Amino acid sequence: MESVRAKEPPTTTPKQQPQKLKPVHRMLLGFTGKEDRNIFNQIPAHVNKVHVDGLEHTKHDIVIKQVKDVLEAQSIGEICVRAHTAQSKLRKLDIFKDIQFFIDTSKGKQSGTNDYEVIFEVEERRLGGGIHGEVGTNDGAVRTAFKFLNLFGRAENVNMEYSYGTKMTSGSLMFSKPLFENPDILFRTGGYQHHGEYPWSGYRTIDRGLLADIQFPSRLGSHTLSCEGVWRELGCMNRTTAFAVREQAGHSLKYALKHVFARDHRDNNILPNKGTLFTCTQELAGVDDKVLGFVKHNMEFQAFKQLPLSTVFQLSLGGGIMKPLQSGTEVSIQDHFFLGGPLTLRGFNINAVGPSSDGNALGANAYWLGGLHLYTPLPFRIGKGGFDDHFRTHMFVNAGSLGNVNFDSNMKEDLQRLAETYRLSYGLGIVVRIGGLARLELNYCVPAQVRQGDSSNVGLQFGIGVTFS
Amino acid sequence: MASLLADAFAVEIGAKEPWPDNVSLYQPFEVGQILLPDFAACLGVKTYLSMCGLNYELVFKKNAEHMSPSGKVPFMHIGPFLISEFDPIVAFVNTKGFHLSSHLEETERGEMRAYMSLVDNVLLNAELYLSWCQEDVVTEVSRPRYGSVYPWPLNKVLSWKKYYEERRRLKAMGWAQKTLEEVCEEVKTCCQALSEKLDKNLYFFGDNPSELDALVYGHLYTLLTTVLPVSRFAEIIQEFDNLSQFVSRIDSKYHSKDLQR
Numbered sequence: 001m002e003s004v005r006a007k008e009p010p011t012t013t014p015k016q017q018p019q020k021l022k023p024v025h026r027m028l029l030g031f032t033g034k035e036d037r038n039i040f041n042q043i044p045a046h047v048n049k050v051h052v053d054g055l056e057h058t059k060h061d062i063v064i065k066q067v068k069d070v071l072e073a074q075s076i077g078e079i080c081v082r083a084h085t086a087q088s089k090l091r092k093l094d095i096f097k098d099i100q101f102f103i104d105t106s107k108g109k110q111s112g113t114n115d116y117e118v119i120f121e122v123e124e125r126r127l128g129g130g131i132h133g134e135v136g137t138n139d140g141a142v143r144t145a146f147k148f149l150n151l152f153g154r155a156e157n158v159n160m161e162y163s164y165g166t167k168m169t170s171g172s173l174m175f176s177k178p179l180f181e182n183p184d185i186l187f188r189t190g191g192y193q194h195h196g197e198y199p200w201s202g203y204r205t206i207d208r209g210l211l212a213d214i215q216f217p218s219r220l221g222s223h224t225l226s227c228e229g230v231w232r233e234l235g236c237m238n239r240t241t242a243f244a245v246r247e248q249a250g251h252s253l254k255y256a257l258k259h260v261f262a263r264d265h266r267d268n269n270i271l272p273n274k275g276t277l278f279t280c281t282q283e284l285a286g287v288d289d290k291v292l293g294f295v296k297h298n299m300e301f302q303a304f305k306q307l308p309l310s311t312v313f314q315l316s317l318g319g320g321i322m323k324p325l326q327s328g329t330e331v332s333i334q335d336h337f338f339l340g341g342p343l344t345l346r347g348f349n350i351n352a353v354g355p356s357s358d359g360n361a362l363g364a365n366a367y368w369l370g371g372l373h374l375y376t377p378l379p380f381r382i383g384k385g386g387f388d389d390h391f392r393t394h395m396f397v398n399a400g401s402l403g404n405v406n407f408d409s410n411m412k413e414d415l416q417r418l419a420e421t422y423r424l425s426y427g428l429g430i431v432v433r434i435g436g437l438a439r440l441e442l443n444y445c446v447p448a449q450v451r452q453g454d455s456s457n458v459g460l461q462f463g464i465g466v467t468f469s
Numbered sequence: 470m471a472s473l474l475a476d477a478f479a480v481e482i483g484a485k486e487p488w489p490d491n492v493s494l495y496q497p498f499e500v501g502q503i504l505l506p507d508f509a510a511c512l513g514v515k516t517y518l519s520m521c522g523l524n525y526e527l528v529f530k531k532n533a534e535h536m537s538p539s540g541k542v543p544f545m546h547i548g549p550f551l552i553s554e555f556d557p558i559v560a561f562v563n564t565k566g567f568h569l570s571s572h573l574e575e576t577e578r579g580e581m582r583a584y585m586s587l588v589d590n591v592l593l594n595a596e597l598y599l600s601w602c603q604e605d606v607v608t609e610v611s612r613p614r615y616g617s618v619y620p621w622p623l624n625k626v627l628s629w630k631k632y633y634e635e636r637r638r639l640k641a642m643g644w645a646q647k648t649l650e651e652v653c654e655e656v657k658t659c660c661q662a663l664s665e666k667l668d669k670n671l672y673f674f675g676d677n678p679s680e681l682d683a684l685v686y687g688h689l690y691t692l693l694t695t696v697l698p699v700s701r702f703a704e705i706i707q708e709f710d711n712l713s714q715f716v717s718r719i720d721s722k723y724h725s726k727d728l729q730r
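These protein sequences, in sequence, are chains A and B. In terms of my numbering, the first sequence opens at residue 1 and continues consecutively. In terms of my numbering, the second sequence opens at residue 470 and continues consecutively.
Hint data in this document are derived by calculation from the structure and do not stem from the laboratory. It cannot be assumed that every hint is accurate.
[As the list claims (entries may be wrong)] Derived contacts from chain A toward chain B, CB cut-off under 7 Å, selection only:
{"id": "1", "residue": "Arg-239"}
{"id": "2", "residue": "Arg-246"}
{"id": "3", "residue": "Ala-249"}
{"id": "4", "residue": "Gly-250"}
{"id": "5", "residue": "His-251"}
{"id": "6", "residue": "Leu-253"}
{"id": "7", "residue": "Asp-288"}
{"id": "8", "residue": "Asp-289"}
[As the list claims (entries may be wrong)] Here are the computed lysine-lysine pairs in the DSSO-like style, where the Cα-Cα straight-line distance is at most 27 Å:
{"id": "9", "chain 1": "A", "residue 1": "Lys-290", "chain 2": "B", "residue 2": "Lys-630"}
{"id": "10", "chain 1": "B", "residue 1": "Lys-530", "chain 2": "A", "residue 2": "Lys-323"}
{"id": "11", "chain 1": "B", "residue 1": "Lys-647", "chain 2": "A", "residue 2": "Lys-254"}
{"id": "12", "chain 1": "B", "residue 1": "Lys-631", "chain 2": "A", "residue 2": "Lys-290"}
{"id": "13", "chain 1": "A", "residue 1": "Lys-254", "chain 2": "B", "residue 2": "Lys-530"}
{"id": "14", "chain 1": "B", "residue 1": "Lys-630", "chain 2": "B", "residue 2": "Lys-657"}
[As the list claims (entries may be wrong)] Quick look at which bits of chain B chain A covers, simulated, 3 or more residues with Cβ under 8 Å:
{"id": "15", "region": "623 to 629"}
{"id": "16", "region": "646 to 654"}
The structure displayed is predicted, hence computed values, not measured ones. All C-beta atoms, glycine included, are put in the ideal place defined by N, C-alpha and C.
Next comes chain B alone, as it looks inside the complex (with noise of 0.2 Å):
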């Protein structure tokens, strides 16, 4: 609880700066590394940051995960300031003054942060799933990539470690004793959600981008383009055409680009 308000207030201490130029946002290796839902929130954190115009450094580093102050990945090295996961790095940009959603009502907030909690609840732990609960992808993919940047045998360790782990933590969600069945309509259910609020605008709310914009494309980009032994994810998306479209509509406008340094 101390360490809530310590952050906050330093956070807050921060915001008088500007956005310095050596700011790095670190992740585990794209190529061989990353799994699923680390990779959607990579990508979520990393298209909020280009629609906001702003700078940063990619640093690729094994043990990102256990660098993070809270355990997950990505996280930001901003000066002094160790910032991690989506909403907290959302909220510090906003500190520096930098904000997306500036222009929504109230009420439109509000519903911003339904949908962003709707997508943080059913696509991130449908991600979560897929990785962990569904035997053949974690035989072939999961296990395999997290331990592939260890040695023998702290390969086989910790992935099987990791394994358990997450499965713990979704079978305390409820989670792990859904059937693929399941998981599938949760995801369509959510999509449909998303589907009829993104109707036929550019963006969710209006003709700018938000962060509910980017906390979607990640996921959605990342369901549609990893190759998985189960690929019935993709199959739901795809179903609904305009989220589709603006998967493909954001990609090429800010990912075609090369914003990094």
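Excised from the complex, chain A in its bound form (with noise of 0.2 Å):
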């Protein structure tokens, strides 16, 4: 088995002073807090070597970047940490099935007292994939994986999925591969197809496409740029669909450039308790033979505080809107906002407002979206240790619309009008995590104010999903 070294620093004397091991012993006992760390931070040491064991087809450059930093750590402290941030970046290649690290005294002729090594052992994986469950909303799904890992040696892996599930069924072939040996700069690109069903807008679509994309940190967020092309199939579902969504049914060609921009800052993504999340999607997208068709923008935002007696209280809004870039465009039902649901604007059903036709909801070209929550622990206790944990009830205001923007004309009073035909909803209801995967709430909802063509519900609304607002 291969190995790969770091180069040897200078040697320092060996034997640590006797009054420095105190506090480790204090740690021991069981004593925490931050002068314990502070104390770790104290100790002084050095880094000699750094092995990492059990590399066959991996290709040493891409190793070295990741666990290089250890060698800079200057305490017993530091080199936990950054040990801890090379297993994080290593796991994230996918290409390791177990990461281990050890801190060892360094036993060369010319180690020092303060001198250690640190031993990564590593299983490589050439296979992988599994069977998962995934939640969208109000609809689940199975999704088989299969990937093809470390293709060359430098985390280049190939991943078959096929997912099905009660609306959707889809299968995709994507090669990944991180750039600059840097795993979190990915770039991927592939093929997929994607059968969906919308009931609520009567039709039923079939969508083959090429995608490639490339996911960046910066400072502020993740980035992730990406272009695809799509070759889009539309059906109606049954003789009663409208005759608006009818008149869309066929072949389309669709190409985009996509930016995505994403900073997740709460502490747990389905009930969190404090922190904020904001995206952003900006789009660019040709239809048919129009290079530029439209532009869309889309953006998400949530705010969690943590109040005294264990209450949450959250803020979140959200908007989006759609220009054609030249006159006369039509864009496609598919690329329309929809507004609705159990887990957004509760108390209407699932993108079941805005401008509709014989009962299909049509979406529109523009919406914006508000939630207030106050979150509170269940006034009784339901099971033993931290099943609880899983359960809040809450109470809410949703208000949001949905309506057409016409640049050409009148743009400002559209806008006003979209203001104005807000829709209002309030009520209370219990949510439950489940398992890190979905979010469940039952819900009791009054819709105070509902416009014409809304399809709304009043009272008990049952979701569950992913993404809520």
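Hey, can you piece these two chains together into the complex? The hints should help.
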């Protein structure tokens, strides 16, 4: 088995001073707190070597890049932290089954008292995959994935996935590779086929596409730049589909450049207690033979604040607008915004707010959505241990609107109308976190303000999903 | 099965209202897109509506085939109803109280159904054969026209997809395996039967037109006037004088006047 070694730095004298050991003993006896971390950071240490054992196929340069920061450590505490960071970077490459590290004193001829070696033991894997359940908004799917890992030694992975669900079936083949030996900068390319059903609008689609994207972090958050070409085939679900939707049946081609910026500093993605989330999406798309078809913007913001008595307050805001770049461009119903649902605009049926025709929602090119929530722990105890931690009661107020904005004429009036024709609902209910995977809500909703064409749901509403607002 | 009953029921309910003003007939673009069999079908329906004296608006849509509830053109949008293909449209028009064949006896009506069935089995399939099984026509006319309304690469992908679908259907019906000679023989036999039935009359059943006249006109006019690399069918039809005269007679009576909005 090969191993990677780091350069050996100059030596110092061996054996620690006795007084520095006492705080360590104190920690072992159960004392915790800030001062112990400081103590650990005060014990000087030096890393002579970093070994990585267990590499057969992986190229050395990519592994060296993840672990070389460990050499910079100046104290015991720092060694632990840096080794832990290196371990998570290696884990992110997704090519190792197991990664463990050990810190040992340096045993070379020229080693001093404060010299240590860090040894990583990894087990490579070339195949991966599994079967998981997935949750969408009020629908579920089973996903089977099969991966070929580390094809050429630098964490190039090929991922084949097939997902079968209640409203959609999809398969994809993706090739991914970290760029510049950095697992945070990921390049992906591949193709997919996706069958989806949209009963609120009465149509089903088959999308076949090719996509390439790069994901990279920045100081503010993570960015994803993608370009995609999709062949879309829209068909009506049944005879009663509205004619406005039927007119869009057939084949079309869409190519899009998309930029997504995400900054998630919440402490949990299902039931956060504190933190903020901000995502922002821009899309420039062309349809059929119009290279510049439309521009679409979408923003979402959530903020959570912990209040006394274990209550949490949430504010969420969202909005989006779509502008055709050439006058007279018809935007397909598949690109429209939709509003309404048990986790977003509660009290309204899923995607059933806004312009509609014959009972089918048509969507629109602009929307806004806001919500205020107050979460409290359950007033009674259900089970033992941390079981109650997964439950909350919440009271909420949701408001939003969806409408078409005509950019050619009276744009200001349309925007004003979008603000004035707001929908409002309030209520209370129970939120359950399911295994870190999904959020389940059972709410009693009162839709206070409903407009013509909306489909509302007074009373109990059940929702399960991952995205919420 | 359930939807057939639901359709019939819905049509019966719609029969109470008179012919509305905003009836639309949807078909693919005539200039660059439509193919031989679809053109014949659309022309048959248009002629039938003109014979009944009914107004309609002709709408050209590149996705008419996909909009249609049965996948075939032409289809009619009348109030809340969508009706596609010749026979259902005729049945619907009858429920509205417009009949072309009400003067016929039961036996004559049976005969008419038989002839219409013959035309559907022979002429329609011959048109499909010509469009999708004759290599010259396929590469020079059918595939380019079918894909002309889509951007690259969809124009290539969709035209090949349609080619395989149509060939599979014709193979299942036993037509793809026939040679051009065999198909010409069938067309000739069919025209012979039609010619004998027409004889020296103005229309197939006396002096008034019927559904059969509209259907036959649609197919014969298409075969006579469409310019294709293979023109055998036109020559066959022209051997029967009374059929050619029938076509020009109906053309001048119902299509030189502009009855559409």
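Quick one: which hint numbers does this structure break? Sort them smallest to largest.
When the structure is compared with the hints, numbers 11, 14, 16 turn out to be violated.
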